[in-house]
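Undergrad: Here is how the chains run, residue by residue.
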Amino acid sequence: MAAATAVRDRAPRTVGVVPHGALRMLRVELRRNAMPWILPLIAALFWFDSYRPSTATAPLYGLRTFWNLGQGHTIIDFGPFVAGVAAWMGSRDGRRGLADLVTATARPRWATQLATWASTAIWGVGAYLIFVGVMFAMYAWQGVGGDPPWWWVADGAVAVTAFSAFGFAVGAYWPSRFAAPLATFGGFLAMAMSSQTGFGQPAGWALILPTNSNGAFTGNSDVDSGIFYHWLPDLPIARIMFLGGIALFMLGLTGVPARAGGFWLRRAAAVLAIAGAALAGTGVGLASGAQMTAHGVVISALHDAADDAPTTYTPVCGHTAGVPVCLNPAYGRYLPDVKSALAPLFAEVAGVPGAPVRAVQVAAAYNGGAGPGGGPLVMTLSGQPPVLHMSLGQVNLPGVCGFCGGPVAARPFANQLRLMIVHALVGARGSLGNPAQQAVMAALLRVAGVPFAAQPRLITATANFEAPGVKPGPATGPVYAAAGRLAALPATARHAWFAANLVALQAGRLTLKELP
Amino acid sequence: MTTAGLRRPAPGSLPAAAGRRGTAVTGLRLARLYLTSRRVPLALVLLAGLGGLLWSALHWHWGIAGGAAARQFIPLTIESGTAAVIAVTTHGPFGEPERAAGRWLPWLRLGEAVGITGVAVGLLTAGATAGVMAGGSLAILRNVGGLAGVGLLSAGVLGGAFGWAGPLAYLLITEGALAHRSTTPWIWPTRLPHDRGGAICAGLVIAAGLVLIAVRGPRESGRESGPTD
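Sequence lines, in order, name chains A and B.
Using the numbering used here, the letters of the first sequence map in sequence onto residues 1 to 516.
Using the numbering used here, the letters of the second sequence map in sequence onto residues 1 to 229.
Derived by calculation from the structure, the hints in this document are not laboratory data.
We treat Cβ as the ideally placed atom computed from N, Cα and C, and that holds for glycine.
Be a bit skeptical, because a hint or two may be false.
As the list claims (entries may be wrong) - Where chain B lies over chain A, by a calculated footprint (3+ residues, C-beta under 8 Å):
#1 38-50
#2 73-82
#3 165-179
#4 185-193
Given the sequences, and given the hints that come with them, work out the whole structure.
TA: Shown next as structure tokens:
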């Protein structure tokens, strides 16, 4: 009796939202997961295919991440491998002939399967986030300008989760050693088809595809998201819904077979699968109604007006020929190049009515389209007093250029900028201008160091400038004759002529005969 | 009394001719069991399916518009898938007991790898008869041979079950090399079919893979011991 009085009731064990046993099972699965064996290979591929090519672009987040996040190479490098390992893990019990044994254990088979899948997904997604984090740390160390596209990172993480669920379902339904290569190459093929479809589909349902860079990163500007305005989260959210839906559908499917668990559990799995399919379908539907705006893709049902607020920043400024020149700090490293491009032209028209009193950088728009070639105007002159607005996000900046034939040298960059500036200065706007404006453009370019003979080639080589189907002719004829006469005047005489005629020239009122 | 100098066959043993025949039968049985344990029959079905896929792709002109990387994408993916299947057949379900008792194991591994690679080349070549494939059968021989070598090396390092990882990684690297116009012979699919450098590199890789698999076998993890597929 004395012993009986000493017995105390054990305090009831605290049970959290996730039972202790489930956490222990997850820990065991994490320890015994095959994913760490593949991670060194993925790391090498990630460096080779996602990071290395990106360093050949200008140090701006929009350009650096175009290849690896915009075109989805981080997903291509991760997803198929994760699918393969998940298939191997998902087929484990079946391959070992243990399916009946584990079905008879206390826990429902689906619960143990989910623990196995979760461990694979945790390894895969965790590694993805770490690798992308290291890549962004490298970018930060290299001084890459702008804000990282975090929503696209989340997009990639959910894509990796979807791949793990897909592979796991393949392995669970086909417990064979060949399930892993099937899931791997099937996933790879799906990604390749996604890329291919994306190249030709700038709008509509195809925007949902995780490797489609159209609309998301690609527009007339590639670079000013995260610099002048925020990365819009609308499309990434729709993609997360689509990919998350696929993951839920696949996981639900694994719980449907008779041995997965009891009636209610299997019914819950079926509901999960249906919910996943509905979520994925909703994502596709939302993407189908997406619209392109100046700052990227907008989905009205998901759009938050707060995302339209411009990014605040303190510009970096300098002076050239007495005129202030200000750029976004993300472009600060290009200020000397811009100043040297502007200097000879600003010196020609300094203090003249109609000449810019300031030059400031403005954001490039995704859906511009007013330039001579149908593309957006890079330089515009507006306001009173006039201010030169420079949309530098639309030009190939000096230095490494991943989307050009090679690095862009300082001189071609300066000459392209000068062409755009004189185009704005003479008031030509959406065309190459009237003959008088063309002559003054040619004269100013010659004064700035671009010979007449090189000017037609410069017009052809400048993006968004050459009118479609209109090739600039050789540098001869009355336009170039007038330009030659203007350029041959002494600098003071030219300055006086501009002081008297620039406003009329910009209004299109001057004819070729009225040039000196 | 000792048994020294005893020349008589042990009671119940077969005569010499019957013994040789018996050895041959045993050898065939051993090979059959080995191939079955490596799931070679299922692998042959999958390889035939890949050959059929290539046939369909060429017959119905499936293609991806774009540069060299896009044009070669479908054949190269099928060739890589073939190499992945070959690599996965190296996975052994028995582990240590087989290594301890299997005197003929290196020869069985070598024979199986050479045989299934040859069959794979034959099936893909048959599939390529449906249309015009860039490089023809010579390119198939070089690409599948080299990729199988990558798969065997991958099986040696990661384990037979993960032999598919090597061909997939090589495929990704090749697509990148084709997109960026790299032409190193170590990425042989970027070279012309008659290119000697590419052929030598592919040959070296398959030779290295065969030697590794025959001598050392695929890497085996203690975690996967026991009867697995």
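Undergrad: Each hint: holds or not?
TA: For each hint, the structure was consulted:
1. 38-50: holds (count 6)
2. 73-82: Coverage by chain B holds for the segment 73-82 of chain A (4 residues, Cβ < 8 Å).
3. 165-179: holds (count 4)
4. 185-193: holds (count 4)
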